[in-house]
Amino acid sequence: MEMAELQKKVCSILAENLSVPEDKVTPESRFQEDLDADSLDLVEAVLALEEEFGVTIPEEEMEGVQTVGQAIQLVATKLGVAA
Amino acid sequence: MPEGAVALVTGAAGGIGAATSLALARSGLTVIVGFRSDGDRAEEVAAKIRAEGLRAHAQAIDVLDEASIGEAFDATERDRGPVQVLVNNAGFMRDGLAVKYPTAAWESTIDTNLTGAFLCCRRALPKMLRPRWGRIVNVSSAAALRGNPGQAAYSASKAGLLGLTRALAREVGGRGITVNAVCPGFVDTGMTESTADEMRRRYVEMTPAGRVGTPEEVAAVIAFLAGAEAGYVNGAVISVDGGLTA
Chain A
0 MEMAELQKKV
10 CSILAENLSV
20 PEDKVTPESR
30 FQEDLDADSL
40 DLVEAVLALE
50 EEFGVTIPEE
60 EMEGVQTVGQ
70 AIQLVATKLG
80 VAA
Chain B
0 MPEGAVALVT
10 GAAGGIGAAT
20 SLALARSGLT
30 VIVGFRSDGD
40 RAEEVAAKIR
50 AEGLRAHAQA
60 IDVLDEASIG
70 EAFDATERDR
80 GPVQVLVNNA
90 GFMRDGLAVK
100 YPTAAWESTI
110 DTNLTGAFLC
120 CRRALPKMLR
130 PRWGRIVNVS
140 SAAALRGNPG
150 QAAYSASKAG
160 LLGLTRALAR
170 EVGGRGITVN
180 AVCPGFVDTG
190 MTESTADEMR
200 RRYVEMTPAG
210 RVGTPEEVAA
220 VIAFLAGAEA
230 GYVNGAVISV
240 DGGLTA
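As you go down the protein sequences, you meet chains A and B in turn. Under numbering that gives the first Met the number 0, the first residue of the first sequence carries the number 0, and numbering increases by one thereafter. Under numbering that gives the first Met the number 0, the first residue of the second sequence carries the number 0, and numbering increases by one thereafter.
Here chain A stands alone, though its shape is the one from the complex (with noise of 0.2 angstroms):
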């Protein structure tokens, strides 16, 4: 997988775990202030990630995921995208 196409996946899945419009959901987006994410739905989204590409993500790597371009690039690391 490439990763233009890797970013788009995990953006529409948290879009959609955080039910919030896809267009808002970009690699800057904070969780917790521009998405408006508490503890659990970030690992609602977590397990949302893990499910959808096979992964997983223990809880000590999500502790520095602020933002969707972390936890994008956490996915890439797991899945061997280069970014």
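Simulated from the structure, these hints should not be mistaken for lab results. Wrong hints could be hidden among the right ones.
[Stated by the list, open to error] When the alpha-carbon atoms are kept at most 27 angstroms apart in a straight line, the in silico DSS-like pairs for lysine-lysine are as follows: (1) B/Lys126 <-> A/Lys8; (2) B/Lys47 <-> A/Lys7; (3) A/Lys23 <-> A/Lys77; (4) A/Lys23 <-> A/Lys8; (5) A/Lys77 <-> A/Lys7; (6) A/Lys23 <-> A/Lys7; (7) A/Lys77 <-> B/Lys99; (8) A/Lys77 <-> A/Lys8.
Fit chain B to the known structure of chain A by using the hints.
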């Protein structure tokens, strides 16, 4: 309640688990009768339910073993559907005075009664969060509310279940999921079979109802909590003990 929803009852080869499986099936759920080692008895429970034209299947699940839990949930999701009603009923009880209580027995008690329940909750929750609907009922005990000599480990594990119940209720309550606990008093089951007659007599004396409870009486409350009507009951602890802890 989602149409044809699936319920998993751990430790359901006999006692409260078996009675609960029947009650849940009668309320319209497809019931997974969980067992650790007694596959034959679990199959009997499932067969008895199917004989009423209802849906039930036996499934091996050892709550002491994370891999076993994973496999059981995977198999259920693959063959029957996601578990949306979870009854953490698998329980272990071994009495003994604290001053002589073996560490291994303490660990088994906590691991089965408390950790096992937590592990099952953790595995079940994602499939309840998505559809914004779920029911978790933890089978605690009157021993969680009142101490009994010889039951330090048991009481600790069952009281721990109440903490787990409340914390989880607050975490996921906003997602259409309820998490509640029932506290049975003395009920005649395989687990209490080895209780000395003298002890059993004392329980009955202490119980205003003047008798022991039946598995069906506990199952009825669990079935209520698992149902659509109990959507506003969350983080509750319901005693089914004839007034023992009143």
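Under the criterion that the straight-line Cα-Cα distance not exceed 27 angstroms, is the pair A/Lys23, A/Lys77 satisfied?
25 angstroms, holds
For the pair we were handed, B/Lys126 and A/Lys8, check the Cα-Cα distance against 27 angstroms.
21 angstroms, holds
Run the distance test for A/Lys23 versus A/Lys7: straight-line Cα separation, threshold 27 angstroms.
Roughly 12 angstroms separates the two Cα atoms, so the pair holds.
Is the hinted pair A/Lys77 and A/Lys7 satisfied, with a Cα-Cα distance of at most 27 angstroms?
Answer holds: A/Lys77 to A/Lys7 is near 17 angstroms, not above 27 angstroms.
Between B/Lys47 and A/Lys7, does the CA-CA distance stay at or below 27 angstroms?
51 angstroms, violated
With the threshold set at 27 angstroms, check whether the alpha-carbon distance from A/Lys23 to A/Lys8 stays at or below it.
14 angstroms, holds
Does A/Lys8 sit within 27 angstroms of A/Lys77, going by the straight-line distance between their CA atoms?
With Cα atoms ~15 angstroms apart, A/Lys77 and A/Lys8 stay inside 27 angstroms; holds.
Does B/Lys99 sit within 27 angstroms of A/Lys77, going by the straight-line distance between their CA atoms?
50 angstroms, violated
Checked against the numbered hints above, the structure breaks hints 2 and 7 and satisfies the rest.
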